[in-house]
Each structure stands twice: as C-alpha cells, then as structure tokens.
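Visitor: Now for the letters of each chain:
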Amino acid sequence: MAYKIKSAECTVCGACEAECPNVAISLKKGTYVIDPAKCTECQGQFDSPQCAAVCPADCCVPA
Amino acid sequence: MSNVVSLDSIFGLGELAPPATMPAAPEAASGCSSSSCGSSDGPADMDPAVWEKVKNHPCYSEEAHHYFARMHVAVAPACNIQCNYCNRKYDCSNESRPGVVSEKLTPDQAIKKILAVAQEIPQLSVIGIAGPGDSLAANGRNTFATFEMLQKKAPDLKLCLSTNGLALPDHVDTIAQYNIDHVTITINMVDPEVGARIYPWIFHKHKRWTGLDAAKILHEQQMLGLEMLTSRGILVKVNSVMIPGINDEHLLEVNKAVKSRGAFLHNIMPLISDAAHGTWFGLNGQRGPTAQELKVVQDACEGGAKLMRHCRQCRADAVGLLGEDRGEEFTADKIEAMGAIDYDDEARRSYRDHVEAERAGRHASKAAAQADVRESIGFTVDPILIAVATKGGERINEHFGHAKEFQIYEVGPGGAKFVGHRRVDQYCEGGSGDVDTLDGVLAAINDCTAVFVAKIGGCPSKSLADAGIEPVDRFAFDYIEESALAYFKDYAERLGQGAVQSRAGQDAVIRTGALTARRA
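Those sequence lines, one after another, are chains A and B.
Quick note: the first sequence uses my numbering, first residue 1, plus one each step.
Quick note: the second sequence uses my numbering, first residue 1001, plus one each step.
FYI, nobody ran anything at the bench for these hints, they're computed from the structure.
The reader is advised that the hints may include incorrect statements.
Unchecked claim - Restraint-style ranges between C-beta atoms, simulated for each label pair:
no.	chain 1	residue 1	chain 2	residue 2	range
1	B	Thr1331	A	Asp35	57 to 65 Å
2	B	Asp1213	A	Asp35	16 to 24 Å
3	B	Arg1349	A	Lys38	50 to 58 Å
4	A	Gly30	B	Ala1340	22 to 30 Å
5	A	Pro62	B	Thr1210	41 to 49 Å
6	B	Thr1331	A	Ser7	48 to 56 Å
7	B	Ala1340	A	Ala8	16 to 24 Å
8	B	Gly1211	A	Phe46	54 to 62 Å
9	B	Lys1334	A	Asp35	32 to 40 Å
Unchecked claim - In silico DSS-like pairs for lysine-lysine, Cα to Cα no more than 30 Å straight-line:
no.	chain 1	residue 1	chain 2	residue 2
10	B	Lys1207	A	Lys38
11	A	Lys29	B	Lys1089
12	B	Lys1089	A	Lys6
13	B	Lys1205	A	Lys38
14	A	Lys29	B	Lys1334
15	A	Lys4	B	Lys1489
16	B	Lys1306	B	Lys1489
17	A	Lys38	B	Lys1489
Ideal Cβ positions, reconstructed from N, Cα and C, are used throughout, including at glycine.
Can you make the complete structure from the sequences, with help from the hints?
Guide: Have a look at this one:
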C-alpha cells in the first residue's frame, strides 16, 4: 500500500515533498521518489493522498 | 573592470558623462529648484514616504523602469493552484512569459547568482521571487530562506515577491519580518462564477477543491491577504490577466475592489495564449486581447487604483532592465566558473547617484514642454500614439533595427505618457534587414502615428511611410517625452493644413510567440 511518482511526467516542483505527512518523498538523482516503506497513502491522516492532491502534473499514483 | 564597462555602456554613445564628472542638472525652464521639482520629491500626487520606496523599483514606478533593473530567482517551483493560462511543464529559454524558467535554483545557488549579477549590472535594485510556481506554496520555505540570506549578504537590494494569494494570509507576518516591502498578488476576479472559468482547482487545507468552491476560497484568501498587507503598510501591486470573453469587463470590478482595500498599483496584462504552450486556454482556442482592446480596459480603469502599463510579463528567472533579459549571461555553469564573489555595492551606489542627478529637473522640463503645446494648440487635436526605440534612460537611443520592443507613448494637449510597449523580433540581424520581421514590426505598432528612433535605414523607413507611420530620427538621443510633445505640436499644425492623416481607429497585434531574436 503505497503511492509512486511517474518520473516521466514529474516536473520536479517539490510540491508533494512539502505536503507529505510521512516525510516519505525525497529528491534522488534529480527526480522525486516515494519511499514505499514510509507511504501510508495518507490513510487515517487526510481525506486523500496529499501528494496526488497537490501535484500539478497528476503523476502521483497508486504503485 | 567589468562593472565599469557595463556602467558606461548604458550611458550610450558618450551622450552622458560618468557620474563623477557629470555636471549638475540644468535649471528647469520654469525656474523652480530641484528640491521642489526634482525626482527626490517624486510626483506631486504621491506620498513622499511611498515615493522613497518605489523610486528605484522598476516594476512599481514607470519612471524607475527606464533606469533600474530587476532580477527574478527561480527558487519556488511548487504551486498550490492550477490556472488555465499556465502549464509549468514547458521550459524553454526562447520564451518570455510568467512561469517559464530554464533552471530552478536552490536558495544557495540563488544567492550566488544574485551577487554575480549585482557585480555586472549596477542598475540592479530589486530581487523578486515569482515562481516559477507560487512563492508561498510549499510553505514558502525556499522563498524565505533566500530572502533571509540575501538581507544579510546584500542589504542594499530591495526584496519583492509575487503570489496567487491563496496562502498569503498565513505568511503576512513573515513577509513583514523580512522587510519585504513589495508584494504582487495575481487577482483575476472578484466573482467566483468568473473564477471557476479560470481556475480548475486549488489545494487548500490538505484538500483539492474544484469549481465554485475553489474560486470562492481563492477570492476570500486574496482579499484577506491584500487587506492584511496594506494595513501593515506593505505596498501591494495587483496583477490581472485580461482574458477576452471571461474577465475583460469584470476587471473594472476587480480594480474597484482592490483600490478600496488599499492596493498601490493595478497591472492589467494581456493573456498570452498559444496552443504550443500547452495551456488549457491555448489548447482550447481562447485568444488574447488586441493592443487596443487591452488599452480600452486599462483606460476604463483610470481614476480607480493606479494603473501599471509598463509590465513586460517577465519570466520567473528574468535578469536586467524590464525590456531586456540577460539571463543567458548568468547560467549556473557560468556562475560556477566565476568562483567566489564578494559583495560590493560601490558601482550600484554611484549609478543611483547618477540617476538621482539625471532625474532632478526632469519633471519640470516635461511640464514646460506640455505647457508650450497647450498654449500653442489648445485642446482641439486628439492625442496620438508614438512608438519609441529606447534602451533606457528615458531617451530615444536605440536603432530601429536593433529594437526588441517599442515603448508606446500617448501624447496630446494633456501631456505625454507611457501607455505600453510592444515586443517585436529584431529587424536587423548581422547587418541586413529581414522583410518578414518588418511586417511583424508594422503589425505591432500599426496604431501609432510615428516611430522615434536613434537611426533607421532607407528601406524600413520607406515601408513605414508607406504604411502611414512616420519614421522620425531628428530627436535621436533626446528625452522621449519632451520630443513627443515637440512632435505633437508640429503634427497638429500639419493636421490642420491637411498634410497628414489621423490614424484613429487603427489596432495593433500583441506579439505572444517565442522570442527568436538574439541580443545585439
């Protein structure tokens, strides 16, 4: 149960990193990645996964 | 030394001596002293404290934009809303429009770049953060980190930021804390019904909102943020994108709403729309306004919040005077190669002293030229538009073929005033003119009666005359406004004799495509 970032569509804006309540998102080799071990899909925290809600490119999706 | 070279270069062709040897400003025609009429006091209708804040800020003072340069650092790529005129996936160095950048910077890289640019460009007075996303999204972390360092490293530079306003109320205290004196809010509507056609969604309080709900929240946050800033004495400029058929007439309501909340300046900009930009508006055929459509809305708002007409809709990494972009001289690679850069404000200080002296007496000399026109021809002749080739300093000092934009002045018995600019492709590249480019220039200034240049070749000169636009080089290197008034006096006489025809009713094209011309 985790989200992933489709790197081909990512604009590397970092909006997701700032919103993630689990500090699961980081910049690795010029692209943002989600650590599946830390991702909770925001269940029990917010109505919807925060990365997907804020992403301007709609590239945060279920893994 | 490189900074001395660039200081000299803007004085141009020896018409001005460097500051140290410059004579005192000439006595104005009306004989009043520079202490009462000079630029140090600013325009008669402006609070001196406000003038002190804006006199060197190219975006907040039309007069300052002829002398001072700004620089945007692209440290804020994240955004919290989606606008139908924006697509931040596109990243092209040949384009000039808001939201577009070539290199995103970390706050550390930004500081280094600012120090490098400040050494090379003594006209630099303002550092702004305008994206490429929203400067306050992602908690404004990079924006405030950059300003915190900058305040310590280069205290003479003014700080400025631009935002869509959604997160603004949360950050007003921090903005005040860092002495950010100038904030721009993009406000395109004060009615959520209109907003719903511009903003497909916003991200607010951990949730994506759409439709009317989104527009309503955005509107409320914008108005609250505006009120909070103005109540703290922070100058606020409001940017509005004019979208024909969606918010064009509505912008009068926006103007009233922001004026009543204390906005200092209202900047109505034309929508930049092209399918190639990949924006929702571009892909769905939404057009931008023509030059005259834009001017009609701007003129209708006169008398409300003060209008800004000299905006160049800069890239989020623009560098230089408003009409130019020297960003390519300061790429990350080039700055890395410069090594360590120390802070030294001497060149900037001497440039500012020079400008202060240059501007003293200018207000009086403009007033004298205007009085001369009024006395000799009265108010019988309608104002005309004049296109001017200039590279700054309020002077006609650019060759026709080298101009990448023309500044547009409206001149009549009421005086000469800057009313806009038109971007063009440079006509002359490598010594020869290009006919296709000339057609573009003609379309861009088609509503003008004359074009003022420092110099022009025979061929373009003939094409302009054939199109009914008079090429004028007899005012080369003179001041724009005084020359425009002298020309108008002559024009009025010729019009009376039937020697020239009025160009009333002509329109012009606002150029929105990528800039292909290289810097001269």
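Visitor: Hint by hint, note whether the structure agrees.
Guide: Evaluated hints:
no.	hint	verdict
1	B:Thr1331 to A:Asp35: 57 to 65 Å	violated, 33 Å
2	B:Asp1213 to A:Asp35: 16 to 24 Å	violated, 33 Å
3	B:Arg1349 to A:Lys38: 50 to 58 Å	holds, 51 Å
4	A:Gly30 to B:Ala1340: 22 to 30 Å	holds, 26 Å
5	A:Pro62 to B:Thr1210: 41 to 49 Å	violated, 21 Å
6	B:Thr1331 to A:Ser7: 48 to 56 Å	violated, 24 Å
7	B:Ala1340 to A:Ala8: 16 to 24 Å	violated, 38 Å
8	B:Gly1211 to A:Phe46: 54 to 62 Å	violated, 20 Å
9	B:Lys1334 to A:Asp35: 32 to 40 Å	holds, 36 Å
10	B:Lys1207 to A:Lys38	holds, 21 Å
11	A:Lys29 to B:Lys1089	holds, 19 Å
12	B:Lys1089 to A:Lys6	holds, 14 Å
13	B:Lys1205 to A:Lys38	holds, 22 Å
14	A:Lys29 to B:Lys1334	holds, 22 Å
15	A:Lys4 to B:Lys1489	violated, 69 Å
16	B:Lys1306 to B:Lys1489	holds, 28 Å
17	A:Lys38 to B:Lys1489	violated, 75 Å
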